[in-house]
Structures are given as structure tokens and as C-alpha cells.
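*Asks:* Start from chain W and add chain Z according to the hints.
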Amino acid sequence: MIEFKLPSLGSDMDDGKLIAWHVRPGDAVKKGQVIAVVDTSKAAIDIECWHDGVVHELITELGQTIPVGTVMARLLAPGEAAPVGAAPTSRQRVSPAARQRAAELGLDLAHVVGTGPQGAIGLEDVERAAAPAPKPAASAVSAASTPADRAAEMRKSIAAAMGRSKREIPHYYLSETVPMGRALEWLRTANAQRPVTTRLLPAVLLLKAVALAVRDCPEMNGLFVDGAFTPAAAAHIGVAISLRQGGLAAPALHDAGSKGLDELMRDLADLVKRCRAGSLRSSEMSDPTITVTNLGDQGVESVFGVIYPPQVALVGFGRVTERPWAEAGRVTVMPALTASLSADHRVSDGHRGALFLARLRDLLQRPEEL
Amino acid sequence: MSTRTSYREALRAAHREALQRDPRVFIMGEDVGLYGGSYAVTKGLYDEFGEARVRDTPLSELGFVGAGIGAALGGMRPIVEVMTVNFSLLALDPIVNTAAALRHMSGGQYSVPVVIRMASGAGRQLAAQHSHSLEVWYAHVPGIKVLAPATVADARGMLWPALQDPDPVVMFEHAQLYNLEDELDDPPPVVDLVHAAVRRAGSALTIVTYGGSLPRALAAAQTLAADGIEAEVIDLRVLRPLDIETVLASVRKTRRVLMVDEGWRTCSLAAEVLARVAEDAFYELDAAPARVCSEEVPIPYARHLEEAALPSAPKIAAKARQMLGR
Chain W
3 MIEFKLPSLG SDMDDGKLIA WHVRPGDAVK KGQVIAVVDT SKAAIDIECW
53 HDGVVHELIT ELGQTIPVGT VMARLLAPGE AAPVGAAPTS RQRVSPAARQ
103 RAAELGLDLA HVVGTGPQGA IGLEDVERAA APAPKPAASA VSAASTPADR
153 AAEMRKSIAA AMGRSKREIP HYYLSETVPM GRALEWLRTA NAQRPVTTRL
203 LPAVLLLKAV ALAVRDCPEM NGLFVDGAFT PAAAAHIGVA ISLRQGGLAA
253 PALHDAGSKG LDELMRDLAD LVKRCRAGSL RSSEMSDPTI TVTNLGDQGV
303 ESVFGVIYPP QVALVGFGRV TERPWAEAGR VTVMPALTAS LSADHRVSDG
353 HRGALFLARL RDLLQRPEEL
Chain Z
181 MSTRTSYREA LRAAHREALQ RDPRVFIMGE DVGLYGGSYA VTKGLYDEFG
231 EARVRDTPLS ELGFVGAGIG AALGGMRPIV EVMTVNFSLL ALDPIVNTAA
281 ALRHMSGGQY SVPVVIRMAS GAGRQLAAQH SHSLEVWYAH VPGIKVLAPA
331 TVADARGMLW PALQDPDPVV MFEHAQLYNL EDELDDPPPV VDLVHAAVRR
381 AGSALTIVTY GGSLPRALAA AQTLAADGIE AEVIDLRVLR PLDIETVLAS
431 VRKTRRVLMV DEGWRTCSLA AEVLARVAED AFYELDAAPA RVCSEEVPIP
481 YARHLEEAAL PSAPKIAAKA RQMLGR
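Protein chains in written order, with my numbering: chain W, 3 to 372; chain Z, 181 to 506.
Misleading hints may appear alongside valid ones.
Here are the simulated DSSO-like cross-link-like pairs (lysine-lysine), alpha carbons at most 30 Å apart as the crow flies [what the hints assert, rightly or not]:
no.: 1; chain 1: W; residue 1: LYS275; chain 2: W; residue 2: LYS33
no.: 2; chain 1: Z; residue 1: LYS433; chain 2: Z; residue 2: LYS499
no.: 3; chain 1: W; residue 1: LYS261; chain 2: W; residue 2: LYS33
no.: 4; chain 1: W; residue 1: LYS158; chain 2: Z; residue 2: LYS223
no.: 5; chain 1: Z; residue 1: LYS499; chain 2: W; residue 2: LYS158
no.: 6; chain 1: W; residue 1: LYS19; chain 2: W; residue 2: LYS275
no.: 7; chain 1: W; residue 1: LYS158; chain 2: W; residue 2: LYS168
no.: 8; chain 1: W; residue 1: LYS19; chain 2: W; residue 2: LYS32
no.: 9; chain 1: W; residue 1: LYS158; chain 2: Z; residue 2: LYS433
no.: 10; chain 1: W; residue 1: LYS158; chain 2: W; residue 2: LYS7
no.: 11; chain 1: Z; residue 1: LYS495; chain 2: Z; residue 2: LYS433
no.: 12; chain 1: W; residue 1: LYS19; chain 2: Z; residue 2: LYS223
no.: 13; chain 1: W; residue 1: LYS261; chain 2: W; residue 2: LYS32
no.: 14; chain 1: Z; residue 1: LYS499; chain 2: W; residue 2: LYS7
no.: 15; chain 1: W; residue 1: LYS7; chain 2: W; residue 2: LYS32
no.: 16; chain 1: W; residue 1: LYS7; chain 2: Z; residue 2: LYS495
no.: 17; chain 1: W; residue 1: LYS275; chain 2: W; residue 2: LYS32
no.: 18; chain 1: W; residue 1: LYS275; chain 2: W; residue 2: LYS261
Reference excerpt, derived from the structure (chain W facing chain Z, CB under 7 Å, subset only) [claimed, not checked]:
no.: 19; residue: SER97
no.: 20; residue: PRO98
no.: 21; residue: ALA99
no.: 22; residue: GLN102
no.: 23; residue: THR117
no.: 24; residue: GLY118
no.: 25; residue: PRO119
no.: 26; residue: GLY124
no.: 27; residue: LEU125
These aren't lab readings, by the way, just hints derived from the structure by calculation.
These numbers were taken from a predicted model, which means no experiment stands behind them.
The C-beta atom is built at its ideal place from N, Cα and C for all residues, glycine as well.
For reference, chain W alone in the conformation it holds in the complex (with noise of 0.2 Å):
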């Protein structure tokens, strides 16, 4: 019997609020596939099931809030039978009370849909289904909560992860200035070519470069987990979003590194587009190994962020402005970027930084190997 657990979609998720189960008992699920959908402080999250398996129970309530690590349900592996005589979904539930009004009513229970907890029969749903009118059915949907809930929440779990983050992580910080002419250049070329819907941003080419450069240093990708750094296979890179209703959210683009750049373009776009409308995936939420904020499309010149515990570096993006700039004996006007590094000092050491920099710096003026 595999236990599925409500995951932590990030260090700053405590609880979350089970608003759709996606299957029912007796249904085959497959890795990946979404079976629940959970409002956390931050959106309503889809939650992907882990392994390939038959549903045999689903545990958790909808409306229910439960911590991280509840188990929500329980599947059969695989080749596994159920258990004998443990079937417990099997039967009607029915409260004492309601199972004999209906004998009273002469009513058949196998005609009443059942509303109570486990959807379980209740009085109320005897009463209902006894009366000569049926009633329009009450509305399933719980009280919302207001945007201002969500934004005191959200503004709440972000307050419990960066301040973990600076009462744990000793960061230091580094700054390059990396010359954008080249990829600039290199991008104008790349987009004539390009219908408007598919052009690329700017973006992409950062991403894309962050992800490269962490392969030469793995030391800034990966998770500090109970004192001991484990450095990532991929690089899935966490997008800082803002959200319109304020705070933000740093969901994966996964695998950054292995992508070309118009299905990361493309890849981008869903996740931001999905992050506004509340509808990330849990992998999503959870998987990010390094964070990437470019607040330069804000208009700032350079940014040093807090990195998102247990990640372990964090880089930042400022505007592009054109610089004097000297380079062989002369000074020209050059596009450039202030690239930032925000990173775990108990993890890597500053020479470090500056070598992953440099190599971000130097990924950049390549653009078409990107």
C-alpha cells in the first residue's frame, strides 16, 4: 500500500486547503498525473501523484486543511491486491439518525446521495430526498476567501521563508556587469525571422545562460536539506513572478539547461500565464533548485536578492542601459546588465561565485550557442 502525502510545495507551506480530489477509489493513476487540487497560501496548486498505482482510499475531506505530510489517500502498487476485508469505502455511509428516519419514510437509501463528511448520509439528505419538491441542491462551493485574505497569507508565508532564509543563510554577494551587445544583436536577427507570437524575450536568453553556467558550478544549484547541500541533476530554475494582487511566486521552468530556446520561450510563457490565474503544478511549487528575479524590467539597475530556502543561490537581473564602455582603447556605447549573485556561503565561497559569474558573463556574449 503506498501512502500519498500532501507535499511541501516550498519552505514556506505549512498547510494547505484540499479544494477537488481528480480521482476516486478504484482509479488507476499514472506518475505525474494530477489527482488533487490544493489552495495553499499562494494559488491553488494541481498536485501530481508520485507513483503508478489503483486509488484504494481517499482519506482527505474536501475543505479540509491539513498539514504538510498528511496522508491524503492510499494506493495499491502496482500488481497489488486490496486488502481482504478492508474496503472501507465500499459501503454507504449513513449517521444512526438518518438510517432510521428513512425506515420511518419507508425511503430506499441506495436514492439518496449522501453530503456529510465522507459523503455520508445524513439526516438533512433524508429529509431532502423525502420531500415532494426537491429543493435546488445547496451550493457545494465553500466560502472563498476574499483576495485580502489571500494577500495577508501570502504576505505571511513570504515573511516565514525569507526570514528563515536570512536567520539561517549566510549569503554573500557578487556583481558582474555583462556587455548585452552581442545577444542583443544576436536577438534582433533570431526574431526578424520569427512571427510576433513566437519571438523571443530577452528573458529566455538569461535563463537559458543560468542554466548552463550552473553545469560548471554545481555548488550553486541544488537543496541544503538537515545540514548537508546536495547539488541538482537538472536546473530547474525558479522564475520569480510577481502576481497583480501583490507578493509573488518562484514556480520551476523545468530542466532549463536541456531546452531550446523557443520551447523554453513557449515553457515560459505557460508558467507565467498559469502562475497569474492561481494554477500551478505541486512539481512546479516544489522542484525549483536555484531562483533566477529579473527586476530590470522594473527599471532597477541592479538587484541583490534572499535566497529561497532550501535553495542555495539566487541571481538577479537588473535593467539594460546602454554604458560607456572601454574596451580596447577605445570607448564605445554598449548595451549592458548588472548580473547579481546572491549565494549560500556554507555551501560555496565567494571564488566560486566569481567562476560562475564569469562564466554567465562569458555564455552571454555567445548567444548562439545558447
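*Replies:* Using the frame of chain W, we list chain Z on its own:
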């Protein structure tokens, strides 16, 4: 005519009244005299009534509780204060083996009219040796009456009738209640030691509780009311013998019962109350009976852990919503 009074002041007034009305009454316990009581309940009574009637004892629960029981056998009406229920475990032998049993063992020839008071409960960061709720240990034992005043009126009114009881009475004062304030009528209301009290009327579910959990249950009921869920809140008041009829009458109306008990869940008073409901009102129930109890750990010192271990208004409200499928 009523006056704003604290639970502590109400208890003190009850002690003064007892000392004035009956010359056989005296108070004994650790620091009850010169210091005025660990929770300041007896403050000023030593000066007013003298050392013969407000007696400091050595730090020996076994000794002074035994002495109190002996004094009761000898015709006095002692009020014995034990600092906390945790410490009272040292005196379980005289309470359970002597005070509770003597009437039965002597064929009714002896009675032990002692009142033993003690603080119980957590919430003040006093850690595992000063914070437990062991009311059920005493409520388990035939031969003693167990009280849990949860309101200012009960704090004022329960002591005198307890002293009139010919058998031993154990009275639990939740330490978080001492600063509770409420209007108290003058003259104070006469209370009985028989009935549970409906502290809030409602129709959606019955929340049963006692002692320090009453304010939390009422707070939860208020939260639920904002969502249109009207909870009835019952204060047991007397933990032995239980007034189960009041609980059953409420459950027959609401058809759902949730017990809030600061004791640990396993073998708790909540277990007893819910078993009685299941035995006597099974066919009235429209949802499985539910409990909110303390987590099964020695009460932690750290504030956040202590809070997490105890029943709270949000936990109670969440459980109530779950029972209603809301």
C-alpha cells in the same frame, strides 16, 4: 447589584465566607498562609483569621493531605490546597485508598468531609511537571466528588456546598482561569453540585467541555456563529458524578457531539462522555462523535509547542466544521 470580579477574588470570597460561617473550617497547604497562596487565592486570610485557621504546611503532599483527611475524620471541615494536580499524585494514596474508601469500608460509620483544591492545566509555559490535566484520574474513583468550576459564579459558589458534602470533594481550578473576570451578583448566586450547565444555546452541534477549555469552546462557537453554525456549549461543572442527562438532552436536539478536553485523548473524560452518548443516544446521532484533546505528549515548555499541544478555538472550530461537512 453586581460587581466586576475575578475568578481568584471569587474563590477568596468563598473561602472567607466558609471561615466565617463554620468554625470547623480551616485551610491548609503549601504557602497558603504568610505568602497568600501560590495563585494568591488565600491572600489576606492569614492576617484576618490567624495561623490556626490558615495553616502553612511543609512541602509534603502525602503528609498534609493525609493530615487533612485525618482532621475531617476528627470532625473538622478542612480545605486542603495542593499547588497543582501534578503534585497531588504524591497524595493519591490517602485520597484514593483512605478518603474515597472509608465510608464503604466502615459500613457507613465514617465519613471524610474534606475539600481538596488544586490547580490544573497548561498554557503558562510551566512545562511538563506543572501543566497537566489529570482530572480524569480522580473522576475515575467512586467515593469522591470532582468539581471543575469554569466561571466566576461557580468559583464563588461551589466551595460552600462542597464543604457541606459528607464525602471527599476534589476541586480543580484551571490555572488560566484565575484572571478571568465577570460580573458577579451580590448576594452571590446559589449553585448546585449536580447539574451540567448550558453556557450557550445552539442547534447545529453540541460542544461538551469543562474547566479551562470552556472559554476556548465559547470562542470557537462565536467563530462558527459567524458562518451560521450555532453550537450549543455545555459546561460539565461536575466531573463525577457526570450529569449525562443534560448532555443527552442537547445531543438529541443537535444530533452531533464534540467533546473538548485538555486531558490526553486516551482514556480521557472525553472518552467516557462520548461512550455514554454512543450507548444512550446512538440512533439520535447524525455524525460520528468527535474529540479535541491535548496531544499525547508531556506538555512542552516552548510556547509554540505548548500552544500546538493544547485544544484551541481554531482546532475546535475546524473539527466542528468537519463534522458538519462544511
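*Asks:* Does each hint fit the structure? Answer for all of them.
*Replies:* Status of the hints after comparison with the structure:
no.	hint	in the structure
1	W:LYS275 with W:LYS33	holds (25 Å)
2	Z:LYS433 with Z:LYS499	holds (19 Å)
3	W:LYS261 with W:LYS33	holds (22 Å)
4	W:LYS158 with Z:LYS223	violated (45 Å)
5	Z:LYS499 with W:LYS158	holds (24 Å)
6	W:LYS19 with W:LYS275	holds (23 Å)
7	W:LYS158 with W:LYS168	holds (15 Å)
8	W:LYS19 with W:LYS32	holds (23 Å)
9	W:LYS158 with Z:LYS433	violated (41 Å)
10	W:LYS158 with W:LYS7	holds (24 Å)
11	Z:LYS495 with Z:LYS433	holds (24 Å)
12	W:LYS19 with Z:LYS223	violated (50 Å)
13	W:LYS261 with W:LYS32	holds (24 Å)
14	Z:LYS499 with W:LYS7	holds (20 Å)
15	W:LYS7 with W:LYS32	holds (16 Å)
16	W:LYS7 with Z:LYS495	holds (21 Å)
17	W:LYS275 with W:LYS32	holds (26 Å)
18	W:LYS275 with W:LYS261	holds (19 Å)
19	SER97	holds (4 Å)
20	PRO98	holds (5 Å)
21	ALA99	holds (4 Å)
22	GLN102	holds (5 Å)
23	THR117	holds (6 Å)
24	GLY118	holds (5 Å)
25	PRO119	holds (5 Å)
26	GLY124	holds (5 Å)
27	LEU125	holds (5 Å)
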